[in-house]
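Enquirer: Now for the letters of each chain:
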Amino acid sequence: MIKVEGLTKRYARTVAVDDISFEVEKGQIVGFLGPNGAGKTTTMRVLTCFLPPTAGKATICGFDVLENPQEVKKRIGYLPETPPLYPEMEVIEYLTFVGQIKGIPSADIKRRADEVIGRCALGDVRSKLIGKLSKGFRQRVGIAQAIIHNPDVLILDEPTSGLDPKQIIEIRELLKALSGEHTIILSTHILSEVEQSCERVIIISQGKLVAQDSVANLTNRLRGSEAVSLEVESADGHPNPTEVQGRLEQVSGVSRVMMKDSKGGRLSFEVESLQGRHIRAELARSVVNSGWNLSELRAVGLSLEDIFLQLTTVETKEDTKEEGGQR
Amino acid sequence: MRNILLICKKELKSYFASPIAYLLMAFFGLIFGFGFFTATRDFVRFSFQSQMMGQQQPMNVNDQIIRPLLGFASTIALFLVPMISMRLIAEEKRTGTIELLLTSPIRDIEIILGKWLGAVVLFLCVLGMSMLDVAMLFAWGKPDLKPVLIAYLGLILQGACLLAIGTFISTTTRNQIVAGGVTFFVCLLLWLLSWFTAFDSGPASQVVNYISIVTHFENFSKGVLDSKDVVFYLSMIFFSLFITSRAMESVRWRS
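Protein sequences, first through last, are from chains P and W. Quick note: the first sequence uses the working numbering, first residue 31, plus one each step. Quick note: the second sequence uses the working numbering, first residue 6, plus one each step.
Among the clues, some could well be false.
When the alpha-carbon atoms are kept at most 25 Å apart in a straight line, the in silico SDA-like pairs for lysine to any residue are as follows [claimed, not checked]:
1. W:K98 / W:A26
2. P:K87 / P:E120
3. W:K14 / P:S298
4. W:K98 / P:E120
5. P:K158 / W:F237
6. P:K33 / W:P110
7. P:K206 / P:S191
8. W:K14 / P:S191
9. W:K18 / P:S164
10. P:K158 / W:L17
11. W:K14 / P:S136
These are computed hints drawn from the structure, not numbers from a lab.
Please work from the sequences and hints to get the whole structure.
Expert: And the structure:
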């Protein structure tokens, strides 16, 4: 349905998207995940023919975004980060206008508008001015606008940003209901959202694709590695943090050591292992052998949040010990 | 064509949903009415005087009221145009609605033509206010219709031409005030150009004179329909809208 090959978008000074390739099957909901400024919006803008790519190819339903933009545009519904609304129009008036410019035959427009109004629960505000609507309603009008011409592909840029929890749940339900007939790409930087509403995740960071897999696979795969929280005390009460950190990093199977806190001669760390390695015993031995006291050692699970951070933070260590196709 | 009319209709709706359309119409109606009142009063006084002196001087409503008035209107148009054209595309860029238009299956040129057409229609509405006054002359006098029509055609062409330039300027920024300010400056410049060359007839000033939008209006205001003036306005409109479409493309490449 959507096929992206080697997509690159360069602005005057920066590379916003760097050689990204992925494919999305019909009927899937795909989460596009990344920190702010990672290139999510740029990628979506290329897919919607708003921006031309610098290099690479993107096709939607078999039509190239550069060669056949009109055909692509007919088949996509797009909700930009800020819903493109005209505050001086009434909801129904606006939806009619969008329906018209999307090329719906005039005979069908009223029916389609009524349908999306029902679907997005906009019945109560049907003839209100958009400028007077609350944020949640505006977002829903934005979604209604994206689906009015019944597009094959829906591209939603942060559809739940700025909404309250109840509204987020409503939008999530709406997306689930839509997923059967539409292929949906939604971008977000909120992880729970991806866990709950997407089948697949594409994680990008600094314009590069860092992971793409099903949500279940990604969590499973990365949960194979272990995270350990430990607290170290020294006999004289003044442990040297860099020394301890250095020692911990030397333990085999450790991928990352993060200092969390130091209070009254106690240092607490969080240590992550490489995949499939058990490091707790080895860590304990190393601490004790160095003459420090080990006051706490406990395994903590890696949440999707940690995985995300792991994938998207730039490694400062020169020797990236990571393996297993994460990078 | 359907798309152009759609955009045009949407533009007009938003003009008339905000006070701007009514303000411009009232503002223009008032100023033109003031000019009309003064010109007519002077005309009447003058004709009384000449009758009392016993000498019949040739009096002409066309030459003495309508022509200077419509020339006056063409000057006011220079102030109206920036206020009409400034929001056209700058506003869409600021609120992000440009993304909706550019990702819909309509062509850039349809968006531009629709918007420009909407602006021209509003300009016609504003200009229409002056017809109230002119109609009175027809009700109580016997002016010649043809030169009046030609002068109006000139006003419309001049307005459409300046609006096309304004549309282009509005495409280059997301700030309405900047768009309006620059458009006003350009309008003023095109007007002043004719002054610089008033007492000079070298080849350079002939070129400058030709570019000045106002000099082309002069023929229309005299009731002379010269194809060279019509061609000038039409080619200016075409050129401006063409560079607008190029600027729109650069919006895509850069933003």
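Enquirer: Each hint needs a verdict: does it hold in this structure or not?
Expert: For each hint, the structure was consulted:
1. A threshold of 25 Å between alpha carbons decides the hint, and for K98 of chain W with A26 of chain W the separation of about 21 Å falls inside it, so the pair holds.
2. Pair hint K87 of chain P plus E120 of chain P does not hold up; C-alpha atoms about 39 Å apart against a cutoff of 25 Å.
3. For the hint pairing K14 of chain W with S298 of chain P, the CA-to-CA distance comes to about 66 Å; that exceeds 25 Å, so the pair is violated.
4. For the proposed pair K98 of chain W and E120 of chain P, the alpha carbon gap of about 21 Å is at most 25 Å, so the pair holds.
5. Proximity of K158 of chain P to F237 of chain W is assessed by CA-CA distance (about 46 Å); at most 25 Å being required, the pair is judged violated.
6. As the CA atoms of K33 of chain P and P110 of chain W are separated by approximately 20 Å, the hinted pair is consistent with the 25 Å bound.
7. Between the alpha carbons of K206 of chain P and S191 of chain P the distance comes to roughly 17 Å, so the proposed pair stays at or under 25 Å and holds.
8. Of the supplied pair hints, the one linking K14 of chain W and S191 of chain P is violated, its CA atoms being roughly 32 Å apart against a limit of 25 Å.
9. Restraint check for K18 of chain W and S164 of chain P: satisfied, since their Cα atoms lie roughly 23 Å apart, inside the 25 Å limit.
10. For the hint pairing K158 of chain P with L17 of chain W, the CA-to-CA distance comes to about 19 Å; that is within 25 Å, so the pair holds.
11. Restraint check for K14 of chain W and S136 of chain P: the C-alpha separation of about 15 Å stays at or below 25 Å, so the hint holds.
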